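Work from the hints to combine the two standalone chains into their complex.
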Amino acid sequence: MKVVFSGTLLRFVNYSKEVDLEAANLHECIGQLSTQFPSLKPVLLTGDGHVRDTHQLFLNGEQLASQERTNAELPLQGNDTLLILTAIAGG
Amino acid sequence: MARRHRITIPLEPCHFSPTQFQAASVLRFGMMGLAATIRQQVIAWPVLKKEHHRTVVISSVKIDYLQPFGFFSASEISLDSGLIARRSGKFLALDCRVHTPESDVVRLAMLTRPVRLSGSDVFDAAPADLDEPWLGRFAPDERDDSPMVRTLPARIEEITSQGTLVGDGKSSFFVSRTDCEFADQWQNVRLPDWFAAGREQLILRQPDQILTTGLREPMTCFMAEFRRPMYFGDEGALRTRVYQHGKTLAFVHELFVKRPSISEADSPMCATGIEEFSIGNEERA
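As they're listed, the protein sequences go chains A and P. The opening residue of the first sequence carries number 1 in the numbering used here; numbering runs sequentially from there. The opening residue of the second sequence carries number 1001 in the numbering used here; numbering runs sequentially from there.
None of these hints come from the bench; they were simulated from the model. Bear in mind that the values here come from a model prediction, so they are computed numbers and not experimental data. Think of the CB as a built atom: it goes at the ideal place given N, C-alpha and C, for glycine as much as any other residue. Certain hints may be false.
[To be verified] No more than 30 angstroms apart at the CA atoms, straight line, and that leaves these computed lysine-lysine pairs for DSSO-like:
| id | chain 1 | residue 1 | chain 2 | residue 2 |
| --- | --- | --- | --- | --- |
| 1 | P | K1258 | P | K1062 |
| 2 | P | K1090 | P | K1062 |
| 3 | P | K1170 | P | K1062 |
| 4 | P | K1258 | A | K2 |
| 5 | P | K1170 | P | K1258 |
| 6 | P | K1049 | A | K41 |
| 7 | A | K17 | P | K1050 |
| 8 | A | K17 | P | K1090 |
| 9 | P | K1258 | A | K17 |
| 10 | P | K1170 | A | K17 |
| 11 | P | K1050 | A | K41 |
| 12 | P | K1247 | P | K1170 |
| 13 | P | K1062 | P | K1049 |
| 14 | A | K41 | P | K1258 |
| 15 | P | K1090 | P | K1049 |
| 16 | P | K1247 | P | K1062 |
| 17 | A | K2 | A | K17 |
| 18 | A | K41 | A | K17 |
| 19 | P | K1050 | P | K1090 |
| 20 | A | K41 | A | K2 |
[Stated by the list, open to error] Simulated restraints, written as ranges between beta carbons of each label pair:
| id | chain 1 | residue 1 | chain 2 | residue 2 | range |
| --- | --- | --- | --- | --- | --- |
| 21 | P | E1012 | A | P42 | 22 to 30 angstroms |
| 22 | P | E1051 | A | E28 | 36 to 44 angstroms |
| 23 | P | D1121 | A | N60 | 27 to 35 angstroms |
| 24 | P | F1071 | A | D80 | 24 to 32 angstroms |
| 25 | A | S34 | P | Q1040 | 42 to 50 angstroms |
| 26 | A | E28 | P | L1215 | 29 to 37 angstroms |
| 27 | P | K1050 | A | N25 | 34 to 42 angstroms |
Excised from the complex, chain P in its bound form (with noise of 0.2 angstroms):
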């Protein structure tokens, strides 16, 4: 049966929003639930790395909020935490549960990508594949060679597609080393804050009923792909735009890394997602 690695977190009020858990305390418990499988699974992470010279990197993240939950809900909750290996090694994707003995609260799956380093001081890495004898650390049912889907561009493609526009943005912001980890490259638990950020700043400069559901209503998904990292110094550039989409107002985002030289319209993209918002609930309250 595959392994899943089950730890209890005691709650504290900077783990929400008025509304909910926010997004980048949900990644921070993913990548609790990462390091804590990494060990069982494979080996210790700073082991792996410093001993190995193997890491991984996240290359996608989904939260699902299953059911209102605010801090007032309960007094810890159970993170349940499950590795599996990917397309030979390809990829290792964290499911993780955020429940409550009664029910499950919010659901994460986090992509990572199996990466090499260099050995330098500065932790340079190109990615490779989890190969033997890594792999064998892996039980027949924690492995999955079966196609793998990207959900992120399919969602930004029907919602853009068939929504309409009812507001855009931009901000920017400066990557300081408190938003990164030890190599000075962005801790990608970070991007949630930029995102929302990015859509307060959006409502706040037109406060109409429709956008500020993005204030009011707790979120109900968020997904972002992560292309590129952004370091230690650098400026980024976020796009916001907003889609009603049914019953669903989503902020559909885009952060650039600032370079000197290349023009703005040129700018790397280095993330994108979304986050979505039921509309209408105020109405059956």
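Isolated chain A (complex conformation) (with noise of 0.2 angstroms):
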């Protein structure tokens, strides 16, 4: 599958604007997310492993509901692409 980030995370993955991956489901992707990029981590995920609300997650164009973008098993496919934006930066 493949991950895309937009502007504001970046520079926390080394400027790479897509990132193929293999995962199952979204828990296993944010994980391996996290350990190939550690110091997005902090920045994606709250305290308790679940992605910040102030980012958005589009799965296939489609925007992820909150109880799907709490559900760590939801299921993932090797075609599939889950665009990571952030709603407002502040700066």
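Have a look at this one:
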């Protein structure tokens, strides 16, 4: 699958706009990203490991609702694209 | 009496096009006015952000050009700014007068939305009304809870329903880090430049007598609403439609961000706006 990052997060993923990885569900996907990019974890996740509300998740173009984004078992497939987007930055 | 902040700005050629103050220059003046009034009425902006995790983002702007004014009109201008808390802290409204000792030259209205930062290094934020004690720093005559009216949608509706479509075009652009502020989010002051580039490309492809009004004449009014931000590395698409509405030539812009896995038709809109020009001034010259 492919994970796509937007501008504010790019500097935390070595400026890789797209990252390819293999993950069966959302939990695995986020875990792999945190391992691959350790500085991403504190800006992307809350203390209990969920994606902060200030970041939006789009799976294959559809925004994930709150129940979906907190569902660690949300299934992912090899041809999926997950976009991680900061809704507002207060820069 | 509602507080005002006044500064004098020496003028330089980059503030101007051949016909007038560039809209982006006026917006930069507005950002200076916003920083000055936040410092005067709330607390210094960097402190508000770093220590209190609060800031504001721009929701909409309106620029009214009140009289002809070019680079050779004066050596300096005065910027007079005032900040009002609207709707119990849901918005902060900035009013700026750009003027000479003799008269007002440009008027800028900027509406901002207070947000609360998460505190992380990415400066992610969510809308949050300005509450006490910050709201208490505004004097009674610096607070206005009366209903607010969005002027841009009504103006677009008037122009597109009553005017005649005389041109349309598309252009695209890349958001560089030089287009962004320190959090890699777009600078709102860049929006007039992207609108202008779309307008100019459209005119140069079809330089007829009506459309070239948008290059020959000074703009009379600029309005924009910001829907969602763009970021460093994003690719943007601009759709511009031109309408003749009486003696007004209006360039109506819609700015979208291109996202992977999202079709062009479903691309999220980031901003919309209008640039207006008066038709027929050359006949009076």
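Are there hints from earlier that the structure breaks, and if so, what are their numbers?
8, 21, 24 and 26
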